[in-house]
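Student: Chain by chain, the residues run as shown.
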Amino acid sequence: MILRPINRKLGLALFFFAGVYLFLSYQIPSYTYALVDADVVPKGLGFLLLILSILLFVQKKEETEQEKEKRTIPKKELYVLLGVAGFILIYIFLLEIVGFVIMTATFVFTCSSFLGYKKYKVSVLVAIIFSLLLYFLFNYLLLIHLPPGVLPF
Amino acid sequence: MGSMEGLFSGFQVAFSIEGILFVFLGVFIGTFIGMMPGLGPISAIAIMIPVTYSMDPALALVMMAGVYYGAVFGGSSSSILLNAPGISGTVATAFDGYPMAQQGKAGKALAIAAIASFTGGTISVILLMLFTPLLASVAVVFGPAEYFALMLMGLTAISSLSDGSTIKAMISAVLGFMAVTIGIDAQTGTQRFTFGNINLLEGIDFLVIALGLFALAEVCVLIFNRKDSSGGMSGNIGSLKLSREDVNEMKGPVTRQSFLGFLLGVLPGAGATIASFIAYVTEKRIAKRPEEFGKGSIKGLAAPEAANNAATGGAFVPLLSLGIPGSGTTAVLLGAFLVLGVQPGPLLVQDNPEVFWGIIASMYIGNVFLLVLNLPLIPYIAKVLKVPRPLLISLVIMFSLIGVYAISFNTFDLYILLLFGVAGFLMRIFSFPAAPFILAFILGGMMEQAMRQSLTISNGDWLVFVKSPISATLIGVALLSLIIPLLKKKPRLVADDKNLKL
Chain R
1 MILRPINRKL GLALFFFAGV YLFLSYQIPS YTYALVDADV VPKGLGFLLL ILSILLFVQK
61 KEETEQEKEK RTIPKKELYV LLGVAGFILI YIFLLEIVGF VIMTATFVFT CSSFLGYKKY
121 KVSVLVAIIF SLLLYFLFNY LLLIHLPPGV LPF
Chain B
1001 MGSMEGLFSG FQVAFSIEGI LFVFLGVFIG TFIGMMPGLG PISAIAIMIP VTYSMDPALA
1061 LVMMAGVYYG AVFGGSSSSI LLNAPGISGT VATAFDGYPM AQQGKAGKAL AIAAIASFTG
1121 GTISVILLML FTPLLASVAV VFGPAEYFAL MLMGLTAISS LSDGSTIKAM ISAVLGFMAV
1181 TIGIDAQTGT QRFTFGNINL LEGIDFLVIA LGLFALAEVC VLIFNRKDSS GGMSGNIGSL
1241 KLSREDVNEM KGPVTRQSFL GFLLGVLPGA GATIASFIAY VTEKRIAKRP EEFGKGSIKG
1301 LAAPEAANNA ATGGAFVPLL SLGIPGSGTT AVLLGAFLVL GVQPGPLLVQ DNPEVFWGII
1361 ASMYIGNVFL LVLNLPLIPY IAKVLKVPRP LLISLVIMFS LIGVYAISFN TFDLYILLLF
1421 GVAGFLMRIF SFPAAPFILA FILGGMMEQA MRQSLTISNG DWLVFVKSPI SATLIGVALL
1481 SLIIPLLKKK PRLVADDKNL KL
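Protein sequence lines correspond, in order, to chains R and B.
Heads up, the first sequence is in my numbering, so the first residue is 1 and it goes up one at a time.
Heads up, the second sequence is in my numbering, so the first residue is 1001 and it goes up one at a time.
None of these hints come from the bench; they were simulated from the model.
Careful, some of the hints might be misleading.
[Claimed, not checked] In silico BS3-like links for lysine-lysine, alpha-carbon gap of 27 Å or less:
{"id": "1", "chain 1": "R", "residue 1": "Lys-43", "chain 2": "B", "residue 2": "Lys-1467"}
{"id": "2", "chain 1": "R", "residue 1": "Lys-61", "chain 2": "B", "residue 2": "Lys-1467"}
{"id": "3", "chain 1": "B", "residue 1": "Lys-1386", "chain 2": "R", "residue 2": "Lys-70"}
{"id": "4", "chain 1": "R", "residue 1": "Lys-76", "chain 2": "B", "residue 2": "Lys-1386"}
{"id": "5", "chain 1": "R", "residue 1": "Lys-119", "chain 2": "B", "residue 2": "Lys-1227"}
{"id": "6", "chain 1": "B", "residue 1": "Lys-1386", "chain 2": "R", "residue 2": "Lys-119"}
{"id": "7", "chain 1": "B", "residue 1": "Lys-1241", "chain 2": "R", "residue 2": "Lys-70"}
{"id": "8", "chain 1": "B", "residue 1": "Lys-1227", "chain 2": "R", "residue 2": "Lys-68"}
{"id": "9", "chain 1": "B", "residue 1": "Lys-1386", "chain 2": "R", "residue 2": "Lys-118"}
{"id": "10", "chain 1": "B", "residue 1": "Lys-1227", "chain 2": "R", "residue 2": "Lys-75"}
{"id": "11", "chain 1": "B", "residue 1": "Lys-1227", "chain 2": "R", "residue 2": "Lys-76"}
{"id": "12", "chain 1": "B", "residue 1": "Lys-1227", "chain 2": "R", "residue 2": "Lys-118"}
{"id": "13", "chain 1": "B", "residue 1": "Lys-1467", "chain 2": "R", "residue 2": "Lys-121"}
Full structure from sequences and hints, please.
Tutor: Right, here's the structure in full:
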């Protein structure tokens, strides 16, 4: 039960993270003639995080109701969140292959439908207008070229 | 160039056709984004950065400044109409603004907020114009040791002053500093934490972090609240007219809190949130009828509104004169400056007078736009709140992804963006503030450089940081601001506590 308060768990996780960061900091090569080498700041930060994680672990401050409330996420909502993250991953993976316009329009439509928006006509219209508008704005006005993918323009 | 002469040249930038157009666009877009609950000035500025890439830096920054105070203003409108503050700086606005809206006086509340914001904003611009060149002239004598001490003070102040746990804020700052150590070390060329990945050689772009930690993390919260109806606001907002008594009642609080808000805005770490809460509490304390506060008091609405806008102007002082941001929002704004090739700091007035004075002049115009244009437009802009949440969420995700892709044209950065979105969400649910993270990320690189330069000059003598009285004092203040909050119990700023005590 020593790990019951959430801050203890967080403190422990951060302690391990600081340990890994410190280990990696000690792998940074150093130069004989550099007065203050590239590893000085990372090592300092690693030790600082180590101290702060211990302070977080030992502090007696109770979590407020507001803080507890922030942490309570229904399982169903967590799946929704993971679903959206999945859509984003697919979008990133296919962006340069399929192209900006098709992928953006598909994402806006699919994601809004997945999140419960049932007015499909509006959704399709917004998705197409939004992606075309942004594509032309970036490509022709701002001269920032977004990937055309399979489209010829 | 003297202040008046400089301001005149600034007005030439701001009063050109493009200048007026971009100020208007900035203010309008800022108001629009700021009204969406969850999306504040940080997200608004970050989302707008890619749009400014090919623009003239002066005009781009004039627009960004407009986005900033437009977003603060927009946050007030959603506080009043929906009791859903767009940003933390307008939480106190909802205490009396929302009860007024419930009494059918939403129009009046919006008018009071607009006039108080206009006054706060205008007073702060005048003070900004006077103070910034003064501070910049002092800062030109700063060496690397003084700069290091100053940045350290800025960083510790925001960690200790932000709401919630000081330790968590410090951890957040350390993690932000760690993120900036990824990439090639600028002084020795050594690779740090790149794991052999060429995409990490140049480090992580600040926009990736800003959009991940703020915009994408906000999206997660929006996903949980997507079923909330946009209701709360009836179609009718009532008259916008104010009586002579109303104006007389708001005169005192607005004037007082404009000055106080500005001063609090100048201090690193304080910013609009603390300024608005302090304004609310002070006015309640000195009011003849404090029992009216929380029930639709004009004073209770006008005071935080004047203070948060004045603080926005105040926050520009350290940014423009020292090149050091005092808050998360100004840190992102500093990033925008750097992306556009403008280095804010003591030499800005000298090297880029059109940018410096252009921003100041645009603020005068921007404040007028906020008042004259937004007031009659508010009922229409408020319709943005009726955009269905699922659609809004999809569009915000898209804006964030495009924003990042447009800088690097590399999908690797998009994966990192998603990673920071997850990190931002975890930080939010475990109550780690994100502002110290972004501030440390922006300041970290500069701090390391200043520290190593100082030590190189002093031949490795660490006492270099306390030898100069300026840096010794600044380091002393930094240490005190760290130690004091750890020793004493800090008052909590709770959004829904109407009997707020500080």
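Student: For each hint, tell me whether it holds in the structure or not.
Tutor: Checked hints:
no., hint, in the structure
1, R/Lys-43 x B/Lys-1467, "25 Å, holds"
2, R/Lys-61 x B/Lys-1467, "38 Å, violated"
3, B/Lys-1386 x R/Lys-70, "25 Å, holds"
4, R/Lys-76 x B/Lys-1386, "25 Å, holds"
5, R/Lys-119 x B/Lys-1227, "15 Å, holds"
6, B/Lys-1386 x R/Lys-119, "14 Å, holds"
7, B/Lys-1241 x R/Lys-70, "40 Å, violated"
8, B/Lys-1227 x R/Lys-68, "22 Å, holds"
9, B/Lys-1386 x R/Lys-118, "15 Å, holds"
10, B/Lys-1227 x R/Lys-75, "16 Å, holds"
11, B/Lys-1227 x R/Lys-76, "14 Å, holds"
12, B/Lys-1227 x R/Lys-118, "13 Å, holds"
13, B/Lys-1467 x R/Lys-121, "70 Å, violated"
Comparing the model with each earlier hint shows violations of hints 2, 7, 13; every other hint is respected.
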